[in-house]
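K.L.:
For the protein sequence lines, the chains are A and B, in the order given.
Just so you know, we're using the numbering used here here: the first sequence kicks off at 1 and counts up by one.
Just so you know, we're using the numbering used here here: the second sequence kicks off at 1 and counts up by one.
These are computed hints drawn from the structure, not numbers from a lab.
Among the clues, some could well be false.
Stated by the list, open to error - Listed next, with one range per pair, are the computed distances between beta-carbon atoms: (1) B:Gln-498 to A:Pro-256: 45 to 53 Å; (2) A:Gly-403 to B:Pro-135: 52 to 60 Å; (3) A:Leu-136 to B:Asp-495: 27 to 35 Å; (4) B:Asp-44 to A:Thr-16: 51 to 59 Å; (5) A:Pro-510 to B:Arg-11: 57 to 65 Å.
Please read all numbers here as calculations on a predicted model, not as lab measurements.
Glycine included, every Cβ here is placed at the ideal spot set by N, Cα and C.
Number of protein chains: 2
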Amino acid sequence: MLRGQSIVNGRAAAGTGAVFFGFDPAAGARLEPGFHSAALADVDEAARLAEEAFESYGRLGGRERARFLRRIGEGIERLGAELIERAMGETALPEARLKGECTRTVNQLRLFAQVVEEGSWVTARIDRALPERTPLPRPDIRSMLRPLGPVAVFGASNFPLAFSVAGGDTASALAAGNPVIVKAHPAHPGTSELVGWAIAESASECGLPAGVFALLFDAGTEVGTALVEHPRVKAVGFTGSLGAGRALMQRAAARPEPIPCFMEMSSTNPLFVLPQALAARAEQIARGLFGSFTLGVGQFCTKPGLIFLPDGDAAGVLLNTLAALVRQGAAAAMLTAGICRNYAAGLAAREHHAGVEVLAEGAAADGAWTAPALLQVDGEELLRAPELAREVFGPAAMVVRYGSRDELMTLARALEGQLTATLHATEADLAEFAELVAVLEHKAGRLIVNGFPTGVEVGHAMVHGGPYPATSDSRTTSVGTLAILRFARPVCYQDFPQAALPEELRDGNPLGIWRMVDGAQTREPV
Amino acid sequence: MLRGQSIVNGRAAAGTGAVFFGFDPAAGARLEPGFHSAALADVDEAARLAEEAFESYGRLGGRERARFLRRIGEGIERLGAELIERAMGETALPEARLKGECTRTVNQLRLFAQVVEEGSWVTARIDRALPERTPLPRPDIRSMLRPLGPVAVFGASNFPLAFSVAGGDTASALAAGNPVIVKAHPAHPGTSELVGWAIAESASECGLPAGVFALLFDAGTEVGTALVEHPRVKAVGFTGSLGAGRALMQRAAARPEPIPCFMEMSSTNPLFVLPQALAARAEQIARGLFGSFTLGVGQFCTKPGLIFLPDGDAAGVLLNTLAALVRQGAAAAMLTAGICRNYAAGLAAREHHAGVEVLAEGAAADGAWTAPALLQVDGEELLRAPELAREVFGPAAMVVRYGSRDELMTLARALEGQLTATLHATEADLAEFAELVAVLEHKAGRLIVNGFPTGVEVGHAMVHGGPYPATSDSRTTSVGTLAILRFARPVCYQDFPQAALPEELRDGNPLGIWRMVDGAQTREPV
């Protein structure tokens with residue numbers, strides 16, 4: 001029942017741009033129907049309606065916004081097998097993975113619903129008036145977070161549900177009170193359309209203005225660029241490549257009114273095996289590592305791509321186990337033939353780099369199909385050629401051998417920003433390498449001990465972020481409830497009469513939220 | 001006892017660039033000694049030492065950082081009359097204002113000391129492991145805010161103490177655990193040097209690495225540019241003009257590793273007088289408004305520069321009172337002759353704009369001396385020529401007459417981002433104009449009822465920020481304790497053993513801070 005059309009104003013928008021198709025990468029077959037790229041007039045219309053919708057949606061109470069988010073979740077659940085089948089066809093991802101991702105997407109919407117229903121996320125603060133203060137009385141000052149305005153969200157290729165049309169960016173932006181315009185990823189247009197209608201219908205069922213959500217298709221980059229440059233768009237959420245993300249960041253920064261950009265882009269997720277852990281658990285670490293860097297054909301932003309091991313024989317068991325697993329690794333289809341070509345090119349560039357050794361490779365493959373690979377380089381060469389430490393999107397990992405503890409510290413300090421850094425370590429290792437942990441804290445958004453970075457919990461404490469180029473703004477996360485803070489700003493109300501204040505800031509605390517009153521956390525009325 | 005030299009590594013740095021002098025704008029006289037512009041090698045050295053210092057200072061406990069901030073406050077207080085006299089000479093600001101600003105600066109350092117001593121600002125969150133969860137167990141995930149790294153701070157001309165060497169940007173960046181490199185504003189180099197040594201000596205007395213603070217002089221823009229582009233600098237705090245701020249934003253965005261910029265730049269601070277308030281308090285509003293827009297010779301970022309009044313006779317008393325006050329307004333010296341020239345040019349451009357009427361002007365003046373001015377334009381002309389709504393830095397205000405409520409809403413919607421928006425209104429006015437309040441919420445960081453925007457409280461609830469061009473990032477404030485959040489990022493610790501966790505995240509909660517544990521606020525141990 002797919003129409004192949006964008007959604008603007010709650011209706012299918014014909015679109016006058018190029019037609020493109022979904023594509024089954026495993027079968028190498030085109031999927032019907034054709035999708036019509038949106039016109040620039042559709043971008044304009046979506047942005048105008050979003051701005052209009054913002055005046056009411058931005059002031060809607062948390063309970064009403066929660067209802068909308070829950071309704072979207074129900075709508076996605078109702079899509080059921082139809083959604084999973086289309087997503088399987090468009091991405092070659094297995095059914096169990098997509099079912100899990102669907103559950104995660106729905107749970108994420110429900111988690112944000114809880115957050116805005118509970119309401120304390122707005123960081124309400126009240127400094128009461130001090131009329132007797134000298135030399136000047138203090139006025140009554142109250143502040144809380146308010147939404148930014150229309151947000152442009154770019155769907156990611158590698159999470160057709162959880163980082164796409166109703167993914168974390170959309171959920172957190174809607175939760176904070178912002179209308180959302182999604183630019184669908186062209187690798188899964190059918191999946192995007194199905195979820196897009198679930199959102200648009202939920203908006204209608206909840207009596208919200210249709211401008212609160214739009215979905216735009218485009219075979220190329222014109223629509224995305226126009227969205228980021230549109231004067232009515234006030235923030236951007238993006239998950240994708242460093243090249244595309246950086247280009248959009250520059251567009252956003254060059255606008256007459258620059259806007260905040262939250263791009264999650266590129267990370268090699270270094271993993272350090274420390275001596276005592278290596279001695280105790282070499283084979284177990286190797287098996288876990290293989291599972292992690294080949295999970296989903298290596299197409300996770302948190303794939304561990306750099307593995308730091310000491311020179312010499314100590315790492316032998318780990319390397320042998322890992323190499324054997326890679327050699328047995330079956331070929332699998334990547335998300336798109338283009339991603340597979342990029343993977344092959346990135347791998348070839350490394351394999352031909354002097355000083356890089358191929359430790360093992362899986363079975364040969366063609367089309368969108370590929371197999372795992374394990375490379376090795378020594379630390380000195382990595383310092384000479386830091387491009388070797390950049391992300392290769394696919395099931396490859398690079399072992400980095402280092403000669404001394406000092407060299408390890410030099411290598412760690414030379415790392416770029418990362419989403420994650422992982423340590424396999426005993427408690428004694430951690431104490432001995434405390435300086436390494438301290439350096440990694442400055443490099444990554446999440447540090448993991450004795451686990452693997454793939455698998456990102458959606459919770460209150462999660463940070464899926466990190467210094468550039470991992471993201472465009474290390475001060476934020478794109479996963480977990482803290483993600484809502486990206487799409488809000490503090491607004492201060494000075495000497496407002498009670499009736500003119502938002503409920504969150506009224507003396508009686510009618511919503512029962514946590515607030516800071518005269519510097520102290522409390523849920524009591526003022 | 002001034003040396004006229006930058007401070008790097010806790011020592012005077014000779015500097016090899018151009019020599020420049022402080023200047024008494026009231027007397028038109030040069031002040032000794034000459035100040036030596038820093039060399040690019042000094043920038044490099046300061047950045048290298050700051051990065052080194054960060055490894056220890058960034059991990060220092062809140063109590064130790066609080067001690068440092070308090071020591072700086074004491075050092076500034078000890079400077080006493082010497083500091084106030086030099087600042088008076090360099091800025092022509094009156095003694096009482098500078099004494100007040102000094103108290104504010106010291107209190108601000110103490111307030112941030114309290115915040116980091118108390119410790120809850122780090123937003124600690126703990127999601128405990130769920131080993132029995134299916135299909136996958138949940139790991140233990142904890143997160144908290146961590147400092148960013150070396151911060152470049154640009155002193156502002158109009159607050160030689162509170163927004164300068166030891167001002168709000170420095171205080172909040174140091175409080176969060178970041179080393180600071182200040183680029184002194186060349187309009188008050190002596191004041192900057194005195195305060196700079198107070199910080200450097202406090203660092204030494206507290207046993208901190210000298211790289212935690214540096215002060216750099218420059219007659220031009222080379223040092224500031226080099227700082228923003230320096231790979232070891234990780235964030236920027238700036239208060240100044242839109243032109244300079246935007247230029248530095250572009251430099252920061254074009255770096256190989258873009259960094260966050262917090263620029264406070266430009267605002268005309270619209271003030272709306274609503275009908276019932278106008279009928280009730282016209283003269284009182286006029287007197288308050290005159291005091292506010294001429295305070296400090298109009299050299300406040302929060303100066304109310306646009307005054308919205310209805311067409312017709314209702315505004316007569318207000319306008320007559322205001323015009324009479326302006327005509328009696330004495331000439332006063334501005335901060336610098338250059339600022340005075342810019343003011344004169346901005347005023348002349350508006351006076352010569354067709355449709356702009358000069359309602360009143362104060363006495364003629366020359367050199368750095370100027371007098372207040374009151375202009376008027378109708379709403380239609382303002383919509384045609386939106387440049388008339390841009391900030392004029394100095395004691396001028398523009399009355400905007402509007403014909404209807406619809407026209408007022410159109411004018412409000414056309415406003416750019418602002419630090420503040422003010423309403424003079426009865427409760428009935430506020431109810432009737434609720435739509436205006438809703439629009440202004442999207443335009444400004446702080447909304448004020450029946451007060452005036454000059455005078456910015458340093459407290460927990462204050463927001464001194466707003467959409468571009470008021471600031472570069474509406475999601476932050478540069479005044480008040482929320483300002484500390486600009487210079488920190490969340491870091492997540494997954495499955496860390498207790499001993500390897502920061503104190504803030506340990507089960508026992510040894511610091512007794514507020515934390516979110518499994519979604520609920522608590523100060524209890526886990």
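K.L.:
State for each hint whether it applies.
P.N.:
Tested hints:
no. : hint                               : result
1   : B:Gln-498 to A:Pro-256: 45 to 53 Å : holds (51 Å)
2   : A:Gly-403 to B:Pro-135: 52 to 60 Å : violated (42 Å)
3   : A:Leu-136 to B:Asp-495: 27 to 35 Å : violated (52 Å)
4   : B:Asp-44 to A:Thr-16: 51 to 59 Å   : holds (54 Å)
5   : A:Pro-510 to B:Arg-11: 57 to 65 Å  : holds (58 Å)
Hint compliance for this structure: hints 2, 3 are broken, all remaining hints hold.
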